[in-house]
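Q: Residues per chain, in single letters:
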Amino acid sequence: MARLTDRLEGDAFDDVDRVCAQKFSRHAEVALANALRFRALEKRSLEDPISGAYTAQYFQDVVRNEIEKANRFGRSFALLELDLGSLDAALREAGEAGVQILLTGVAEELTRLLRAADLLAAGGAGRFYVLLAEADALGAAVLKRRALQALGASELFTRIGADARPDPQVGTAVYPRDGASLEALLRVLDERVEEERRSPVRRLGLDRMTLAEGLQTLLEEGSPERAETAAQIARFVVSEIGRRPRERGLLYAAPGTALIGAVRDGLEALRGVATRTELVVIADGERPDFPEPAVNWLSPQRIACLAPFVIQYGDGPAYALVRDAKDGAGKTRLFHTSDRSLVEHLAFRLQQELAVPSHLPATEEARA
Amino acid sequence: MSALVLIADGDQRRAQRIADACRASGLECRVTSHGAAALETALAELPAVLVAQLDLPLIDGPKLAAILRANPRTQPTRLLFVSERAEAAARKDLPGRLIAAPVDPDEVASGVRALLAERDGAEAPSEPIGGAGIVEGDLAQIPLADLLQLFHVSRETGTFEVSRELEVGRLARGQVLLRGGDVIAASVEAALGEKALYRLLAWDRGRFVFRPEAVTETATIQRPTRALLREGKRHVEECGRLAVDLPPLSAHVTLCIQRSALPNVIHPLTQEVLVVLELYSRVQDVIDHCSYPDYQVLRTLHTLIRRGMVELRRGPGPAEAPDTAAGIFAPAHAARLREWIEAVMPRGTPARDAKLLVVASDAGATRDFVRMLARLPGVAIDERFTTGSYSADDLTSLGRIAVDEDLGIELLHTPVAQRFAPLWPVAGHGALGALFLLSGPASRAVEAVRPTLEALRRLPRARTFSLLLLEKGERVVPEEVRENLSLLDQGSLFLIPLESSEKSSSLLREMLQRVLP
Chain A
3 MARLTDRLEG DAFDDVDRVC AQKFSRHAEV ALANALRFRA LEKRSLEDPI SGAYTAQYFQ
63 DVVRNEIEKA NRFGRSFALL ELDLGSLDAA LREAGEAGVQ ILLTGVAEEL TRLLRAADLL
123 AAGGAGRFYV LLAEADALGA AVLKRRALQA LGASELFTRI GADARPDPQV GTAVYPRDGA
183 SLEALLRVLD ERVEEERRSP VRRLGLDRMT LAEGLQTLLE EGSPERAETA AQIARFVVSE
243 IGRRPRERGL LYAAPGTALI GAVRDGLEAL RGVATRTELV VIADGERPDF PEPAVNWLSP
303 QRIACLAPFV IQYGDGPAYA LVRDAKDGAG KTRLFHTSDR SLVEHLAFRL QQELAVPSHL
363 PATEEARA
Chain B
4 MSALVLIADG DQRRAQRIAD ACRASGLECR VTSHGAAALE TALAELPAVL VAQLDLPLID
64 GPKLAAILRA NPRTQPTRLL FVSERAEAAA RKDLPGRLIA APVDPDEVAS GVRALLAERD
124 GAEAPSEPIG GAGIVEGDLA QIPLADLLQL FHVSRETGTF EVSRELEVGR LARGQVLLRG
184 GDVIAASVEA ALGEKALYRL LAWDRGRFVF RPEAVTETAT IQRPTRALLR EGKRHVEECG
244 RLAVDLPPLS AHVTLCIQRS ALPNVIHPLT QEVLVVLELY SRVQDVIDHC SYPDYQVLRT
304 LHTLIRRGMV ELRRGPGPAE APDTAAGIFA PAHAARLREW IEAVMPRGTP ARDAKLLVVA
364 SDAGATRDFV RMLARLPGVA IDERFTTGSY SADDLTSLGR IAVDEDLGIE LLHTPVAQRF
424 APLWPVAGHG ALGALFLLSG PASRAVEAVR PTLEALRRLP RARTFSLLLL EKGERVVPEE
484 VRENLSLLDQ GSLFLIPLES SEKSSSLLRE MLQRVLP
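Residue numbers (the numbering used here), protein chains in the order written: chain A, 3 to 370; chain B, 4 to 520.
No lab work stands behind these hints, which were simulated from the structure alone. Any given hint could turn out to be false.
Each computed DSBU-like pair below joins lysine-lysine, with the alpha-carbon atoms no more than 30 Å apart [as the list claims (entries may be wrong)]: (1) B:LYS236 x A:LYS71; (2) B:LYS506 x B:LYS475; (3) B:LYS95 x B:LYS66; (4) B:LYS66 x A:LYS25.
Just the calculated beta-carbon pair ranges, DEER-fashion [to be verified]: (5) B:GLN78 x A:GLN59: 34 to 42 Å; (6) B:GLU505 x A:PRO302: 51 to 59 Å; (7) B:LEU498 x A:ALA357: 36 to 44 Å; (8) B:ARG208 x A:ASN73: 28 to 36 Å; (9) B:PRO349 x A:ASP165: 51 to 59 Å; (10) A:ARG94 x B:TRP343: 53 to 61 Å; (11) B:GLU139 x A:ALA37: 35 to 43 Å; (12) A:GLY126 x B:THR221: 32 to 40 Å.
Please read these numbers as outputs of a predicted model, since none were measured by experiment. Just so you know, even glycine gets a beta-carbon here, dropped at the ideal spot from N, CA and C.
Excised from the complex, chain A in its bound form:
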């Protein structure tokens, strides 16, 4: 509707004006109707009819474009795959309409967590994909935790019987670290989802344990090693942060008396390096005297019962080491892993349980 008032010259509208307005409105009506029809048509071809998210085809086109952009400007982005697993039991219990409500609800839950620049797409068979523009591994991991938390608490899941309830798994991949093409990234996503299913977190039931119980359980899986081996590894892992300071990540170390010397040596190698990894050390004594990099030095009082550990998670490979608290130079029990989902679980459980502060934003900042 167009409303014409107050002719510019101040006179009343005359016949010429009316003819003109009629002609204009007829054209405008046709143009508007065509535009709306076109938009609806376009949207329908881009939207998954069940969940309302974008289609996998559109997602793939966008990711291909994103690869070109990221390539040109030297940036990264992350992809996330949420797999609800088999929906057969849910289908039997809730029927087709119930599963449709579930899928629409999952899409809505995920959309709530995304930024305007992110894109959600439905991959069919209970799978969803998210493109996280300019995000890195840590940003993707943060969204993954939030998504699983939101879905776990959502009525969408809790109202379905425990036996029929979907078992969502999330895999993440980062361009270009995990693959330089769409196909490679999708393959990594599928592998990561499978890794999540086979993860020790599930096998050992770590997600139902406290951090202290979890570390103890892991130690039982470990093997006897020289005390020096654990110290060498701890020193190496900490000092390696200085070799690639542009990578963003988290490093948590609770060295106890057994690994404190090694961790201090490792930190010394970082002196003066402006790293993007957040360093958190939970130990007695004084923090290193250098201003850069900043080390968040926390009292061990808050985690008195924990075994000594070093956990590193971020853009590079994930790694965690736990050893028993026994001092001395003899044999010690050591567990270590590069299983991404296990390390991620430990890092985020530490943050959550001990309220270890993190100042890192969920997405990657513009690279210097």
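Let chain A serve as the given structure and place chain B on it in line with the hints.
A: Just chain B, lined up with the frame of chain A:
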């Protein structure tokens, strides 16, 4: 067909007089009495010239002009304003000529003719010659990229022939084939495909002729036309920006390091340039004989020159390869390594040594390797390895090789036992590569390192090198090596006879040079 003139004037009698004067010059005219009708007609019929009354009813002349200018379809329409107010003659803000009262229709018609002549001068390509649809013109007036874009939008099929005088009496000719508006093939002299197209897009002078005709040739260019034009524009712009740095076409270039000193993983473009460099030395010849676009070849040559791998001579004649045999590493090696390290370091952060993993099939291999390494200049071995007090499970520095005064390679002894598997990706992340030391029967040695080798190979940009250490009198069984070649990349396998210290040092030196990026 004559050009259309649209006359928009609230004074209908004056409008008719102007129209009569224009028609008398053979021009086709439309007359409207207010701005809205003029706009509608302009959008529908795309007039060559609009004669608009300054105080046109509904939408005045300047506003109408602004609307038409904003629309790409009506942007080329030339404008002429008329006004019954004599004082309007002083206005300087109009996007066209103004004829103020008294308005003489003949003067207006003459003004219209002048505008049409001006337009025809600027739009030479639209002037048909010889036959229907043939377009020709000067590239100095309209660049090839603009023409291709225009013809892409209108989905033309036909052949563009372009020519340019390179020097007196020597004409370069090129051809671009369009099918349905898409560029499907291009050639200029010996260059074909995208390379030819990008070269033609850089021509800023010359003649062109477009002939609409069926194109039956097989497409040699697959990339979408818009992407081609974007890329071509980038090449032209970057070539212009880097003109001072890029090697001149008449200069000569020569590879000044030994081929064995080249890294074993090279971008295909660089690889091709290096091969062509063996045959040609003039920059123009190197460009002509590479299949990649001219700009990319020039950039590669520029990088190779900057890294000290290629020498540039502005005068004629190939340069002799300089002797780079002094020390383990030449300055060019150090420059490459520094560049590689600095790529991952924030600006202003001191460069840290690069890391090279050393993975041994057994303790004897480590011992022999350390002994050989210690003979090379600039090598410092960690005490526990000189005294033999190390353990196979150690994850620690084995030593350091100086590359220049303050940059070096740290050798990281990496345990090979399966229980250290979680460490391998962390150790290999961001490493220059991994060096596998194999001693004893090859199959047994390979089996010992196989899990580590496979894990490290899976890392992005992984590079592995293998040293098969041969005891005195020991000979390699060809079948055994062949069996393991799928695992040990043939290009990075070194057979080192321990009995000859001179030969082993020379091979080790060569291997270390190849480890550098």
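Q: Of the numbered hints stated earlier in the document, which are not met by this structure?
A: When the structure is compared with the hints, only number 7 turns out to be violated.
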